[in-house]
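Enquirer: Here are the chains, one letter per residue:
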Amino acid sequence: MRKNVAIIGGGQTHHAARRHDVNQVELVNEAVRAALADAQMTIDEIDSVLFGNMEFFEGCHMTDCWLVDGSGAYGKPGLKITTGGTVGATIVGAGVHHVASGLFNKALCVGFEKQEEGDTGAILSGVAHPLFGRSLAGAAVGYFAMMATSYMAAWGAKEEHSAMVAVKARQNARKNEYAHLKLDISIQDALNSRMLSYPIRMLDMCPASNGACAMILADEKTARDRCAKPVWIRAMDTAHNEQFELDWRDVTTKKPIFSRVSASRLYRKLGVDDPSKYFDVFEIYEPATWAEMVWYEDLALCRPGDGFKLVENNMTAIDGPIPVNPSGGVLSTNCIGASAMLRIWEAALQIRGDAGGHQVVSKDIRRALATAYGGTNWTVLTALSGTMDD
Amino acid sequence: MKSAKDNVELISIPMVVDVPYRFAAGKYMTRFLTELRDNGKFYGIRCPLCNRVQLPPRIVCAVCHVKNSDWIELGNEGTLVGFTIMYLPLTDPTTGKPHEPPFAYGSVRLDGSDSVIDHFLNVEPVVEHIRIGMRMKVALKEREDRVGDLGDILHFDPVT
Amino acid sequence: MSERVAIVGVAQTVFSPKRPDVNYAELAYEAISLVLESTGLSVEADIDNAVSCSHDIWDGQTISNIGITDVIGGHLRNEEKLAMDGSTAVYYATIGILSGEFDCTLALAHTKMSQTNRNIVNNTAFDPIYSRLLGLDFTSAAALQAQRFMSRYNISEKQIAEVVIKNLANATRNPWVHNKGFYTLDQALDSPVISSPIRKMDIAPDSDGAVAIVMASEKKALKVTDKPVWIKGVGACYDAHYLGDRDLSECYALRSAAEQAYRMAEIDHPRDEIDLVELGDEFSYQELLWLEGLGICGSGEAADLTCRGFTSFDGALPVNPSGGLLAGVPTNVAGLNRVAEAALQIRGEAGDRQVGDVRIAVAQGHSGFCGQHQCVIVLGRE
Ligand SMILES: [Zn+2]
Numbered sequence: 000m001r002k003n004v005a006i007i008g009g010g011q012t013h014h015a016a017r018r019h020d021v022n023q024v025e026l027v028n029e030a031v032r033a034a035l036a037d038a039q040m041t042i043d044e045i046d047s048v049l050f051g052n053m054e055f056f057e058g059c060h061m062t063d064c065w066l067v068d069g070s071g072a073y074g075k076p077g078l079k080i081t082t083g084g085t086v087g088a089t090i091v092g093a094g095v096h097h098v099a100s101g102l103f104n105k106a107l108c109v110g111f112e113k114q115e116e117g118d119t120g121a122i123l124s125g126v127a128h129p130l131f132g133r134s135l136a137g138a139a140v141g142y143f144a145m146m147a148t149s150y151m152a153a154w155g156a157k158e159e160h161s162a163m164v165a166v167k168a169r170q171n172a173r174k175n176e177y178a179h180l181k182l183d184i185s186i187q188d189a190l191n192s193r194m195l196s197y198p199i200r201m202l203d204m205c206p207a208s209n210g211a212c213a214m215i216l217a218d219e220k221t222a223r224d225r226c227a228k229p230v231w232i233r234a235m236d237t238a239h240n241e242q243f244e245l246d247w248r249d250v251t252t253k254k255p256i257f258s259r260v261s262a263s264r265l266y267r268k269l270g271v272d273d274p275s276k277y278f279d280v281f282e283i284y285e286p287a288t289w290a291e292m293v294w295y296e297d298l299a300l301c302r303p304g305d306g307f308k309l310v311e312n313n314m315t316a317i318d319g320p321i322p323v324n325p326s327g328g329v330l331s332t333n334c335i336g337a338s339a340m341l342r343i344w345e346a347a348l349q350i351r352g353d354a355g356g357h358q359v360v361s362k363d364i365r366r367a368l369a370t371a372y373g374g375t376n377w378t379v380l381t382a383l384s385g386t387m388d389d
Numbered sequence: 000m001k002s003a004k005d006n007v008e009l010i011s012i013p014m015v016v017d018v019p020y021r022f023a024a025g026k027y028m029t030r031f032l033t034e035l036r037d038n039g040k041f042y043g044i045r046c047p048l049c050n051r052v053q054l055p056p057r058i059v060c061a062v063c064h065v066k067n068s069d070w071i072e073l074g075n076e077g078t079l080v081g082f083t084i085m086y087l088p089l090t091d092p093t094t095g096k097p098h099e100p101p102f103a104y105g106s107v108r109l110d111g112s113d114s115v116i117d118h119f120l121n122v123e124p125v126v127e128h129i130r131i132g133m134r135m136k137v138a139l140k141e142r143e144d145r146v147g148d149l150g151d152i153l154h155f156d157p158v159t
Numbered sequence: 000m001s002e003r004v005a006i007v008g009v010a011q012t013v014f015s016p017k018r019p020d021v022n023y024a025e026l027a028y029e030a031i032s033l034v035l036e037s038t039g040l041s042v043e044a045d046i047d048n049a050v051s052c053s054h055d056i057w058d059g060q061t062i063s064n065i066g067i068t069d070v071i072g073g074h075l076r077n078e079e080k081l082a083m084d085g086s087t088a089v090y091y092a093t094i095g096i097l098s099g100e101f102d103c104t105l106a107l108a109h110t111k112m113s114q115t116n117r118n119i120v121n122n123t124a125f126d127p128i129y130s131r132l133l134g135l136d137f138t139s140a141a142a143l144q145a146q147r148f149m150s151r152y153n154i155s156e157k158q159i160a161e162v163v164i165k166n167l168a169n170a171t172r173n174p175w176v177h178n179k180g181f182y183t184l185d186q187a188l189d190s191p192v193i194s195s196p197i198r199k200m201d202i203a204p205d206s207d208g209a210v211a212i213v214m215a216s217e218k219k220a221l222k223v224t225d226k227p228v229w230i231k232g233v234g235a236c237y238d239a240h241y242l243g244d245r246d247l248s249e250c251y252a253l254r255s256a257a258e259q260a261y262r263m264a265e266i267d268h269p270r271d272e273i274d275l276v277e278l279g280d281e282f283s284y285q286e287l288l289w290l291e292g293l294g295i296c297g298s299g300e301a302a303d304l305t306c307r308g309f310t311s312f313d314g315a316l317p318v319n320p321s322g323g324l325l326a327g328v329p330t331n332v333a334g335l336n337r338v339a340e341a342a343l344q345i346r347g348e349a350g351d352r353q354v355g356d357v358r359i360a361v362a363q364g365h366s367g368f369c370g371q372h373q374c375v376i377v378l379g380r381e
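Just so you know, the sequences run in chain order Y, H and B. Mind the numbering: the first sequence is residues 0 to 389 in numbering that gives the first Met the number 0, read in order. Mind the numbering: the second sequence is residues 0 to 159 in numbering that gives the first Met the number 0, read in order. Mind the numbering: the third sequence is residues 0 to 381 in numbering that gives the first Met the number 0, read in order.
These are computed hints drawn from the structure, not numbers from a lab. Errors might be hidden in some of the hints.
[Stated by the list, open to error] Derived SDA-like pairs: lysine to any residue, alpha-carbon spacing no greater than 25 Å straight-line:
| no. | chain 1 | residue 1 | chain 2 | residue 2 |
| --- | --- | --- | --- | --- |
| 1 | H | Lys26 | B | Ser15 |
| 2 | H | Lys40 | Y | Leu245 |
| 3 | B | Lys218 | Y | Met0 |
The whole structure should be built from the sequences, with the hints applied where relevant.
Expert: Right under this line is the structure:
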């Protein structure tokens with residue numbers, strides 16, 4: 000990157016299952032206003048607006064065009080980027096490119112989803128090839144169920160372990176005023192919840208949320224002049240997997256796959272030896288409990304097959320040595336087009352010390368890693384730090 | 000206590016968006032589906048560089064960035080590599096109707112293929128009856144009922 | 000721009016009303032393999048980023064860049080999709096290379112309009128609460144814009160028809176397009192009315208096709224080709240969404256996008272400094288309106304300019320010598336095809352449609368109805 004780029008502000012909506020009180024324009028605008036207020040900036044100061052969501056999830060083609068009044072893009076340069084579940088992070092990447100190019104000083108990144116306005120399950124089945132697999136596509140839940148059976152068979156993990164992840168997420172969410180599912184649940188509650196697709200139960204899956212997230216990125220001079228606590232974007236890496244070959248995830252595979260390839264590239268860029276020590280907090284995109292444990296392994300926070308042991312030993316609890324998803328994560332809030340951006344924003348809040356009720360206090364947070372997850376096994380990884388020296 | 004705000008009527012507008020499509024299968028899927036329909040055979044395609052046999056057949060090997068070339072006949076038996084029992088009445092977008100739950104479905108690696116194919120498993124939807132590593136055999140519709148799409152496969156039967 | 004970015008290769012498929020023989024990945028690969036062959040570049044060794052333009056609703060697949068990940072070389076790499084006109088792929092690829100993050104980007108746009116229905120698809124681009132229920136589509140919205148434009152500046156249907164006649168005649172020189180021929184004014188004015196004042200011949204016809212181009216940093220470009228086409232300036236801007244919020248005879252967004260691009264390219268007098276324009280004539284009247292937005296002439300002057308032959312194939316400033324979108328270029332692909340045609344003209348490789356010596360060319364693309372989002376690219380030989 001030719002220039003250093005910092006997050007100088009951000010904001011999010013109070014995510015919820017029902018937001019009948021606002022239309023899509025108004026929902027997006029809540030996050031944009033929050034981000035501008037946080038950055039102490041007006042929309043007039045923004046040079047470009049980068050926008051994204053899951054195309055057509057709200058029954059609208061070209062949402063960027065309709066939502067210009069809410070996003071603030073009217074009269075400005077801007078783009079609509081769509082890369083599935085990773086889009087929120089892809090937009091941030093686009094913001095980084097815009098600022099680093101030297102053509103723009105301040106870029107506003109906006110991601111949103113108003114899932115209640117469309118049929119997400121049916122549309123997600125449309126991810127499958129129209130002539131190969133679409134008629135029996137199991138949407139996201141079927142994919143994660145097969146990953147889970149593979150994980151259990153390979154490493155000997157039990158349903159109890161996924162239940163622990165389910166509880167951790169929702170108990171953390173109770174500390175997060177913006178989270179959607181703030182559930183005071185026990186492991187037994189998780190194990191008793193309705194079976195959706197063996198071994199995935201209701202509480203193993205993310206909810207369908209309505210919400211938006213916005214972030215303002217700026218060049219170094221603007222960041223230092225205008226922001227008391229800039230958070231620096233130190234490195235990003237994207238890897239998309241091919242179309243067909245990971246429709247079922249064998250957790251024992253030795254093949255180079257998206258998550259591991261991307262993590263190793265990012266670690267090389269930053270000179271990371273042990274990510275569990277290098278980063279102080281993680282915000283991981285885990286649409287299902289089992290995916291969180293697989294992410295631990297793919298990110299090399301532990302050895303392959305040991306992911307469930309991290310959970311078992313409370314290592315990734317909010318007060319553990321490797322805090323993962325103090326915000327409650329995607330399991331507690333999934334407004335898809337915003338979810339990957341929320342991971343980055345939550346990681347930035349932790350570094351700023353501004354996460355409020357879910358701030359990690361057991362250690363000093365200087366560096367954070369955020370992941371995105373979507374498409375057919377795609378990811379975008381983002382490494383953040385509080386100073387350029389870290 | 001109810002505030003005045005709670006009494007404001009909220010209007011929502013119901014709408015069904017119905018977009019018709021007619022998808023071209025393309026050169027590779029056409030040959031695959033034609034063989035399946037007419038001869039009940041599965042064909043994969045092999046990459047000239049890495050030699051992996053890919054199913055469904057496609058134009059480019061994504062790993063090697065080269066055009067795939069050799070058509071390989073696969074067995075109609077294979078090994079179960081992953082499964083789930085689905086309790087959700089998922090909509091079949093090709094018919095608009097739900098599949099009746101619970102049902103088992105899984106990923107099978109057909110003999111001779113490096114890829115897997117997902118489909119229904121004709122086994123009792125009970126975890127104890129399904130095992131990763133089970134041998135499975137394809138059950139096709141009768142020739143006269145096959146139309147040239149993946150629905151020509153009924154399910155996989157366990158090999159006994 | 001301190002650093003420079005160049006187009007180093009250009010390829011397109013034949014555009015035809017229907018390509019039942021290929022799916023969209025195979026269609027895209029036709030253009031991709033051609034551009035790789037012609038530049039001698041390999042995905043493995045040379046390309047480090049891919050940007051494509053299309054829409055899920057056109058492709059009939061959720062997250063439709065899944066379908067082209069393999070053929071665009073996206074496996075385990077960076078690959079992004081813009082749900083916008085193809086011109087934005089060039090805009091974004093330029094920014095990516097200038098950022099220092101990427102060295103060589105494959106830009107693609109693909110659409111098979113034949114696999115669905117443009118009126119239904121385009122109706123869903125209107126907000127679902129206020130405008131969509133009227134049943135508007137891009138053609139009926141364009142008719143409102145055309146009517147407003149024509150009545151404000153006293154432009155006749157005959158003057159608009161001159162655009163059709165010019166572009167379809169130009170298209171006879173272009174082997175890649177399918178809608179072409181030498182028509183008379185009477186023939187154009189006899190074409191059936193679809194949404195008054197727009198007639199069938201005023202509308203870019205449904206087409207299937209793809210365009211791929213390769214863009215690179217200056218250092219890389221000079222290694223790859225001795226005929227780089229430099230990106231001199233880029234600009235983009237959104238207009239308001241609601242038709243009632245805009246004066247449809249104004250080009251608010253296009254003026255802003257053009258101003259950004261010209262400033263970067265240090266163009267002060269566009270009409271004198273630009274040698275060629277390729278623009279998005281999705282509807283014939285738009286060629287006139289966009290020329291005004293691009294600052295080639297004053298408001299309401301483009302019709303006279305066109306009738307005087309100023310924009311003809313052998314005129315002072317040829318506009319759409321390729322035949323433009325009216326000649327049959329798919330939606331979404333539209334703007335990338337404009338850039339590709341402009342690049343071919345600068346390289347002197349436009350074949351029978353080469354207009355002579357082109358040093359500076361402007362390409363324009365738009366997304367949304369009545370050109371809500373505008374993107375302008377200035378290309379140059381030096
Ligand atoms: Zn290969």
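Enquirer: If a hint holds in the structure, say so; if it does not, say that too.
Expert: Here's how the hints hold up against the structure:
For the hint linking H:Lys26 to B:Ser15, the alpha-carbon distance of about 17 Å falls within 25 Å, and the restraint holds. Taken as a hint, the H:Lys40 and Y:Leu245 pair is honoured in the structure, with Cα atoms around 23 Å apart against an allowance of 25 Å. Among the hinted pairs, B:Lys218 with Y:Met0 is consistent with the structure: their alpha-carbon atoms are about 16 Å apart, no more than 25 Å.
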